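Asks: On the provided structure of chain A, position chains B and C as indicated by the hints.
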Amino acid sequence: MRSKGHRGARPRCTRTIASLLLSVNSFHNVRLDLNSLFAGLVSCHVSLPHFKQSGFRNVSVGGFFLSQASSSSRHGRVCASTVLAAQQRSNSTSSKISVDFDQSTGVAVMHMKSPPVNSLSLDFLTEFCISLEKLEMDKSCRGLIITSSLPKVFSAGLDILEMYGKSPESCGEFWKAVQEMWLKLYSSNMVTVAAINGSSPAGGCLMSLTCDYRIMVDNPRYSIGLNETQLGIVAPFWFKDTMANTVGHRVTEMALALGMLYSPAEALNIGLVDQIVPEDKLMSTAEQTMAKWLAIPAHARQLTKSMMRKPTVDRLTSKREADVQNFVSFITKDAIQNSLRVYLEMLKRKKA
Amino acid sequence: MRSKGHRGARPRCTRTIASLLLSVNSFHNVRLDLNSLFAGLVSCHVSLPHFKQSGFRNVSVGGFFLSQASSSSRHGRVCASTVLAAQQRSNSTSSKISVDFDQSTGVAVMHMKSPPVNSLSLDFLTEFCISLEKLEMDKSCRGLIITSSLPKVFSAGLDILEMYGKSPESCGEFWKAVQEMWLKLYSSNMVTVAAINGSSPAGGCLMSLTCDYRIMVDNPRYSIGLNETQLGIVAPFWFKDTMANTVGHRVTEMALALGMLYSPAEALNIGLVDQIVPEDKLMSTAEQTMAKWLAIPAHARQLTKSMMRKPTVDRLTSKREADVQNFVSFITKDAIQNSLRVYLEMLKRKKA
Amino acid sequence: MRSKGHRGARPRCTRTIASLLLSVNSFHNVRLDLNSLFAGLVSCHVSLPHFKQSGFRNVSVGGFFLSQASSSSRHGRVCASTVLAAQQRSNSTSSKISVDFDQSTGVAVMHMKSPPVNSLSLDFLTEFCISLEKLEMDKSCRGLIITSSLPKVFSAGLDILEMYGKSPESCGEFWKAVQEMWLKLYSSNMVTVAAINGSSPAGGCLMSLTCDYRIMVDNPRYSIGLNETQLGIVAPFWFKDTMANTVGHRVTEMALALGMLYSPAEALNIGLVDQIVPEDKLMSTAEQTMAKWLAIPAHARQLTKSMMRKPTVDRLTSKREADVQNFVSFITKDAIQNSLRVYLEMLKRKKA
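Top to bottom, those sequences are chains A, B and C. Going by our numbering, the first sequence opens with residue 1, and the numbers climb by one from there. Going by our numbering, the second sequence opens with residue 353, and the numbers climb by one from there. Going by our numbering, the third sequence opens with residue 705, and the numbers climb by one from there.
Derived from the structure by calculation, the hints contain no laboratory data. Since the structure is predicted, the reported quantities are computational estimates derived from the model, not experimental observations. Built from N, CA and C at the ideal position, the CB exists for glycine as well. Careful: at least some of the hints might be erroneous.
[Claimed, not checked] Which stretches of chain A does chain B cover? Using the computed rule of at least three CB atoms under 8 Å from a CB of chain B, they are:
#, stretch
1, 225 to 239
2, 244 to 252
3, 255 to 266
Next up, chain A with everything else stripped away, as it sits in the complex (with noise of 0.2 Å):
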């Protein structure tokens, strides 16, 4: 599916696009408009001519991952909230994510390695419920670690091509399986621990808020935070509530309303995260804090967790239908499908 060239890009541009992200923590003082950052953002993609031979072109907004397969590419698509019935044929689909399970710890660890920025595609999301759900089913599972295999990013978030140019009809399939990955993870029977290995914003920052605990590897040039609204996008309620209830209310306010991608240091101090450590310290921090959490009895920690999170969740599920729509109809504004398309347009004039 994807080509040798492809994956040997991955560490140049996933460096070009780390820089990037990080970078927008110093337009605070900027005014930026969608397409003033559109154009900022061009510089990063016409490095990558070699994506167009792939297949697929990558292109990252932000917090944002833009990704366009080609149609070759894109009839394996599956409903996220098909899960079950896509499982028969997730090995031959199963490029985008690697799990490790230890038997003898009960412990699984999740790796994405979606090259170039993890970003959650339609695919990504459809492959990563599949693994989740086999995971929840298997009860000599009572862990679950996830982690990053590419260089400096964690997950760049939501991919931005499944919103462009596509039918309210793929848009509204697109967004079920973002619901569909936040409601697994957040009412996970397992204790799920988030070991952050490089830029985790928007989608990416979202995923780390489902886990039970957040380990963050202490790079500055890291950064975390659901920055939507720098894109002149706005976090769902869910998004904004799974974030207020982490940091508090005012903080999620300030956070939200600016787009603010954190530094490790500056995450932990807010409560974005829970432990900073130098990155190889990331995966043993994992394991014992995963072991720390194993000794509750299962059945009361869940019934906790449960308590704890249901209320939030029970938002979404009530409401999970008008959120599509909600999705669907900001997306599918001309406005917002406007600025996607003179900024792909303006990709491709620096391109030729």
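Replies: Relative to the frame of chain A, chains B and C by itself:
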């Protein structure tokens, strides 16, 4: 409407009142009730005999400010809910607020200048809401900085004389104006920054809390807080909600129960203000903050703000009439009115 | 009702139990389940053979305390919801609480003195609620300080023997008494200060959390927290609400999931207690705090307290019967009762 003598008296009066407001901080270990508190305030007001000449008598009760206009000055009053009708003659009554609007930045600065302490009378609130509405409807105005033109006080809060000896109708009209100010400010589409250059108790604190960002002058003689309880009065639920959204449930519980007034450093520590700066850096810091907020795509920022605040706004909107009835029935209680009467008679005796 | 031998055993027993409670802190990295935890506790209880003589067997499970009264000592029990009826004979059973009321200050000090660890049995709760009701109805009593007369323990929490081998009716009656204590304390019109002079796990922590202010002795051997999960039991939603109102959602989520017990310094750091002091300064600090709170006009303070807490109180009130049913069906589960039975048999074998 105001004599020269009145304005000239401003500095001396506010100095006395400022130290009074701050002295409430040291009341914690002392048993106090409304009467003794009122009695303790007389020394301030007897030094202001010239108020009589101006047709106004202004007296502050802790964070509250009592101003009783002569009947001749009352005919211009409008209900805040009929703001548009009143707008035509806003020039004739526009002495309490002045607005500087910079077309180049899109930022308006609203100076509160109602001596001696910017108490929130019905007149003040009406004019404030009219000014706010004008700016809100002006698409070129994107940001609002609220500050005081008076020395040492931002705003001393609600005007108690609007609550004494008034008909239930008048009390209700006043309370609707307070609600209106809060509703308009808390859900403003503009970026709002409070540049707090003096003490800001009770309603003054509420006004600050409605803004997107609060910067306070780092002068330990200034204080800020919802201190209603100290006066035997209860902050209504939407004051409480606004504070809890900012500093959390527990800090709010303690602060309201004890009627806490915080120094700027303490306020920063609990998150009641976002930043403290030297007096001469206040406006430049407010402008830099504003530029940072205005750099965010406006539509996304506004939707995000609405998402964060709408549940709180809706709570009042849905109970607005009941909240007015609550207030009117509380404030017109014989016990409360009696305390006010005793106090005012005492004041007259001292003046005689 | 209790023999001399029983009382004389108090110091030795509580010392053992106190260190036991604290040792749970170091359990985090160890896999534990109900049985191993129970087994680990046996060493404590076999050293207390004299309990048999007194007609009581008292055993503590972490934060819980199991006391099984001989049938002869049970006939005096009253349901907490029939407190008024029981009040007439409160003198005859008032051995578990003593109250010192100072008319000059209006402050009552309630000493919990039910050896060995002030476990919250039905008898204890009934007497506690009767004492509280009396003070609440006495207009001259405006403040209440709750403390322990026992060394090293404030209260070890709910009495597990009220939950083992009992009919659903008895379990339900017990749970109503726990609810009653919480409802009465959390919505008390008095100023309530917890003077925490020893470990305060589980229900002991809950009792502290209901107060207006918490002062804890700064002894690192004491601990406080809702550690139910460690025992395979789940803190009910109103325990959770009370904690979240105090320390926020995220800290509560972690604390409950892991069954965290905090040292006084840690508890201060997360806001679980408001102040820590040397042992010999506890009561004087409590009295100074009380004087500060009593200086606030009582009516305004009470209305403010009600405004802050009523939504939380109403949640239980509206679901009270369902909450009893939940508890009864959980605690009478074969799995839970089996664990308790295995433990108690093990205890008997060790004693033999």
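Asks: It remains to establish, for every hint, whether it holds in the given structure.
Replies: Verification of the supplied hints:
1. 225 to 239: holds (count 9)
2. 244 to 252: holds (count 4)
3. 255 to 266: It holds, with 4 qualifying residues against the three required.
Violated hints are absent here; each numbered hint is respected by the structure.
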